[in-house]
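Next come the chains, spelled out residue by residue.
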Amino acid sequence: MSFSRLPASVRQAALLACLAAIPAVGSFWWHRAHRERDGFPRMPAAGIPAWREAIVWVDVRSPDAFRRSALPGAINLPENAWNEKIDGFLDVWEPGKMIVVYGATGDESAAIGVARRLKKEANIADGIMILEGGFEAWEPAKP
Amino acid sequence: MGTRKAMNTRDASHVFCLVLQVFIGGFFLVTGVSKAIDPLGFAGEIANYRIVTGWLTLATAHYLPWLEIVAGAGLFVRRIRTGALLVCGGLLLVFTAALVATCARGLDIRCGCIGGVPTTVPLALLRNAILLAACGAIVRIWSRKKH
Chain A
1 MSFSRLPASV RQAALLACLA AIPAVGSFWW HRAHRERDGF PRMPAAGIPA
51 WREAIVWVDV RSPDAFRRSA LPGAINLPEN AWNEKIDGFL DVWEPGKMIV
101 VYGATGDESA AIGVARRLKK EANIADGIMI LEGGFEAWEP AKP
Chain B
1 MGTRKAMNTR DASHVFCLVL QVFIGGFFLV TGVSKAIDPL GFAGEIANYR
51 IVTGWLTLAT AHYLPWLEIV AGAGLFVRRI RTGALLVCGG LLLVFTAALV
101 ATCARGLDIR CGCIGGVPTT VPLALLRNAI LLAACGAIVR IWSRKKH
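Order-wise, the sequence lines are chains A and B. Residue numbers for the first sequence follow the working numbering, so the first one is 1 and each next one is one higher. Residue numbers for the second sequence follow the working numbering, so the first one is 1 and each next one is one higher.
For reference, chain A alone in the conformation it holds in the complex (with noise of 0.2 Å):
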């Protein structure tokens, strides 16, 4: 069946997918040319709410931050404790799941570093982003 014989309907919505596909690519270039960097988005703290419970939230600070305060149903993964609780993560993260890593402020070498090795070492290929600002700029939203 040609396209020209489908109903003018059916055509007509047709074309209306592919010209909403053209602001949507700009979209998207343009949030990976400004909201990424070293091969990762950046999650604005706004954000935190609409993600909830659909991302595992890696807390890269020491044990010690962490048992202090941490985002909800946070992991503590430290790069310096990396071999004895990466098992203890792969255990609690499921495939497909979106993880957001974060470190104790704006600063994001430590969290960067992290992620590199979940995607190197752990094999996670994609939806690693790091939280802009950190732990810091979550910490003034909480209740």
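Source of the hints: derived by calculation from the structure; they are not laboratory data. Cβ coordinates follow ideal geometry from the N, Cα and C atoms, glycine included. Be aware that one or more of the hints could be misleading.
[Unchecked claim] Some residues of chain A that are not near chain B, with every Cβ distance over 12 Å (derived):
1. R5
2. H31
3. R68
[To be verified] Cut-off 25 Å, straight-line C-alpha distance, at most; resulting in silico cross-link-like pairs (SDA-like, lysine to any residue):
4. A:K119 <-> B:R127
5. A:K119 <-> A:W93
6. A:K120 <-> B:L56
7. B:K145 <-> A:A8
8. A:K85 <-> A:I124
9. A:K97 <-> B:A98
10. A:K119 <-> A:N80
11. A:K119 <-> A:P95
12. A:K85 <-> A:K119
13. A:K120 <-> B:A98
14. A:K97 <-> B:Y63
15. A:K97 <-> B:A104
16. B:K145 <-> A:R37
17. A:K85 <-> B:T102
18. A:K119 <-> B:V52
19. A:K97 <-> B:L107
20. A:K97 <-> B:K145
21. A:K97 <-> B:L99
22. A:K85 <-> A:A8
23. A:K85 <-> B:A98
24. A:K85 <-> A:A46
25. B:K145 <-> A:S9
26. A:K85 <-> A:S9
27. A:K120 <-> B:C103
28. A:K85 <-> A:S69
29. A:K120 <-> A:S69
30. A:K97 <-> B:V52
Since chain A is already given, all that's left is putting chain B on it; use the hints.
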């Protein structure tokens, strides 16, 4: 006399149809824009439904708001308005099915249909039913005009 009455009925149904188009088109434009300005937040709402995962969540979060905007605006363009109505109706059916499926799985979600504005599931279902009824009314008026 009879002709004038028929003309008045036609005018009234034309105005009613226009009101419904503004209602549906306006709804899709507002919800689309509210989601397009924060695709990452919308991706979170999608992820909570646990229907799509990984990169597909982000792709859907970037595409769906623009489809809503294009379909909403398309309702005001004479040449493509039937296709736009088809997209609007299709989207409403998909959203309703997703809400029902998620509730059936016992997941505690908020609708996320209007970016940043939390809506309870029963309220979202009622709103979708009203919008679908409006789509149906437009189809009825348009098909009557054809004959």
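Structure-based check of each hint:
1. R5: holds, 16 Å
2. H31: Non-interface label fails for H31 of chain A: nearest chain B Cβ at 6 Å, not farther than 12 Å.
3. R68: At roughly 26 Å from the nearest Cβ of chain B, R68 of chain A sits farther out than 12 Å, so the non-interface label holds.
4. A:K119 <-> B:R127: Roughly 42 Å separates the two Cα atoms, so the pair is violated.
5. A:K119 <-> A:W93: Given pair K119 of chain A, W93 of chain A holds - Cα atoms ~13 Å apart, limit 25 Å.
6. A:K120 <-> B:L56: holds, 21 Å
7. B:K145 <-> A:A8: holds, 17 Å
8. A:K85 <-> A:I124: Holds, at about 16 Å.
9. A:K97 <-> B:A98: Holds: K97 of chain A and A98 of chain B sit about 18 Å apart, inside 25 Å.
10. A:K119 <-> A:N80: Cα-Cα ~17 Å, so holds.
11. A:K119 <-> A:P95: It holds: about 13 Å lies between the C-alpha atoms, which stays within 25 Å.
12. A:K85 <-> A:K119: holds, 16 Å
13. A:K120 <-> B:A98: violated, 34 Å
14. A:K97 <-> B:Y63: holds, 20 Å
15. A:K97 <-> B:A104: holds, 21 Å
16. B:K145 <-> A:R37: Given that 25 Å is the threshold and the Cα spacing comes to 55 Å, the pair is violated.
17. A:K85 <-> B:T102: Violated - the C-alpha atoms of T102 of chain B and K85 of chain A are around 33 Å apart, more than 25 Å.
18. A:K119 <-> B:V52: holds, 21 Å
19. A:K97 <-> B:L107: Holds: K97 of chain A and L107 of chain B sit about 16 Å apart, inside 25 Å.
20. A:K97 <-> B:K145: The given pair, whose Cα atoms are some 50 Å apart, is violated under the 25 Å limit.
21. A:K97 <-> B:L99: holds, 20 Å
22. A:K85 <-> A:A8: violated, 58 Å
23. A:K85 <-> B:A98: Cα-Cα ~36 Å, so violated.
24. A:K85 <-> A:A46: Status violated; Cα separation ~29 Å.
25. B:K145 <-> A:S9: Given pair K145 of chain B, S9 of chain A holds - Cα atoms ~16 Å apart, limit 25 Å.
26. A:K85 <-> A:S9: Answer violated: K85 of chain A to S9 of chain A is near 56 Å, above 25 Å.
27. A:K120 <-> B:C103: Roughly 37 Å separates the two Cα atoms, so the pair is violated.
28. A:K85 <-> A:S69: Judged against 25 Å, a Cα distance of about 19 Å means the pair holds.
29. A:K120 <-> A:S69: violated, 29 Å
30. A:K97 <-> B:V52: holds, 10 Å
When the structure is compared with the earlier hints, violations turn up for hints 2, 4, 13, 16, 17, 20, 22, 23, 24, 26, 27 and 29 and for no others.
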